[in-house]
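I would like the entire structure built from these sequences, with the hints used as guidance.
In the order they appear, the protein sequences are chains A and B.
This note's numbering applies: residue 1 is where the first sequence begins, and numbers increase by one.
This note's numbering applies: residue 267 is where the second sequence begins, and numbers increase by one.
These are calculated hints, taken from the structure and not from any lab test.
Some clues are possibly wrong.
For each label pair, taking beta carbons as the anchor points, the in silico distance ranges come out as [to be verified]:
#: 1; chain 1: A; residue 1: Cys68; chain 2: B; residue 2: Gly418; range: 43 to 49 Å
#: 2; chain 1: B; residue 1: Ile494; chain 2: A; residue 2: Lys242; range: 39 to 45 Å
#: 3; chain 1: A; residue 1: Leu221; chain 2: B; residue 2: Lys463; range: 57 to 63 Å
#: 4; chain 1: B; residue 1: Ile494; chain 2: A; residue 2: Gly31; range: 54 to 60 Å
#: 5; chain 1: A; residue 1: Lys215; chain 2: B; residue 2: Arg457; range: 46 to 52 Å
#: 6; chain 1: B; residue 1: Asn407; chain 2: A; residue 2: Lys66; range: 38 to 44 Å
#: 7; chain 1: A; residue 1: Met179; chain 2: B; residue 2: Tyr497; range: 45 to 51 Å
#: 8; chain 1: A; residue 1: Lys184; chain 2: B; residue 2: Tyr497; range: 43 to 49 Å
Glycine residues also receive a C-beta, built at the ideal position from the N, C-alpha and C atoms.
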Amino acid sequence: MGKVIVITSGKGGVGKTTATANLGSAIASLGKSVVLIDADIGLRNLDLVMGLENRIVFNVVDVVEKKCRTFKQALIKDKRFNNLFVLPAAQSREKDAITPVQMKELCDEIKQEFDYVFIDCPAGIEHGFKNAIVGADDAIIVTNPEVSAVRDADRIIGLLESNEKFNFNLIINRLKPEMVKRGKMLSIKDVKEVLNIELIGVVPEDDRIINSSNKGEPAVLDGSSKAGQAYISIAKRILDPKDKFVVFEEDKGWLNKLKNIFSRGN
Amino acid sequence: MQNVVSMKGTRGGLLVSFNEEEDYLAVITQFREMIEEKKKFFEGSPMSIDLGWREMTRENIEELMEVFRVNDLILQGLISSSATTRKIAEEYNIKVIIGRLGLAQHHGAKNKKIYYQKSQEKEEEREQTLLVRRTMRSGQNVDFEGNVVVMGDVNPGAEIIAAGDIIVWGSIRGSVWAGSKGNRKAKIIARELNPSKLKIDEYVYMGIIGDLKGNSKTAFLIEEDIAIESY
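Right under this line is the structure:
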């Protein structure tokens, strides 16, 4: 039986959807069968980031309303990986179109047949959030190194803690090492100190992410994208928690990196 | 065997208790003997008698009053739980108070205050403490009529309001208020003190908490200022 992991943050715009798309693609590329569920009903994005918008026939609301025979009919197969599927959100409905009970049943059904199910959680702590977490076994909290994102992540962890069972992992997204160095941005240590949960990965700020989202091609497919590489390392750690933790040059800085390149050239 | 008649001194005078189970003849005989034995000592002293549930007859009361008259004692009043006894006693113009409950009244007003203060002190000693075994995160709050102990941090956005002390085995980054019901003695103790708001009794800490060296920090009131000390 597979595992359901919800990707959540509380605050909007920290990179939940990007993380879902990239982790899903990375784990699929490592040979596991994966389903990505977009739980952000009314504001669906995941299909765009995955570049699958034009293939949508049924959505998650259709599945729970039994408008299609099984959930499989609504799954969209990814362009690049045969073992990666997306269950899109409904765009013209609202969050309360699905009840937590229905969502739980759906998650339980899907995880019987797939290795990993990632749920892209909407921002906020209302109905949509409750739907997204109800069927999950684990949670990945995405946050940015800034006070508002950390504060919201803290609130989310508090809510999940009171909701029993969860295993938490933290992703710090959009870290700018040189800003941390100048003391203008919260460091990994600062964030860890407040949230105090297992850190599974740090994703550096990367301009290519915007481009890859616009094009609908997850950054993990781009070998030169630092963020993409970070997501691959996180995916490996999801499969095997003992896998090496890679932090992308927080302490080194750009100058040292340049030096490295030159020394490699020699 | 239980005493048929027992006597003890209180602030309001002597309190004599008659065993309510014994035959009245035995009681009054023993009482008379007790008094006559130390006649000089008891002379002129005010005395109250606790009759318990005993049902007194007119003869019984007259007999009792005779003992008082002969020995020059002053009968302050009777304490009785029995309505019949109280009614008869009132016919003889004796002050009567309802039993058990009446005991406290007998001790007098001053004494009563002491009792009250004592019980309040005990109440403080027995004050409840709430133990929070996790980190308090943003949006979580505790409002407790006693002390609060947190085994973890108090994160920004979390709030503790306690009538007593607040002790945090971790870092305080959120909002804390000790002595919320008015308690100038309340303290806030934490390993790291970096609160977004700190309040003791009605006083809010306005200063900046610098880098205090030490294993823990304590905040407490001196006059109208909150002092923070490390050790």
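These are the hints, each one checked on the structure:
no. : hint                              : verdict
1   : A:Cys68 <-> B:Gly418: 43 to 49 Å  : holds, 47 Å
2   : B:Ile494 <-> A:Lys242: 39 to 45 Å : holds, 44 Å
3   : A:Leu221 <-> B:Lys463: 57 to 63 Å : violated, 48 Å
4   : B:Ile494 <-> A:Gly31: 54 to 60 Å  : holds, 57 Å
5   : A:Lys215 <-> B:Arg457: 46 to 52 Å : holds, 49 Å
6   : B:Asn407 <-> A:Lys66: 38 to 44 Å  : holds, 42 Å
7   : A:Met179 <-> B:Tyr497: 45 to 51 Å : violated, 37 Å
8   : A:Lys184 <-> B:Tyr497: 43 to 49 Å : violated, 34 Å
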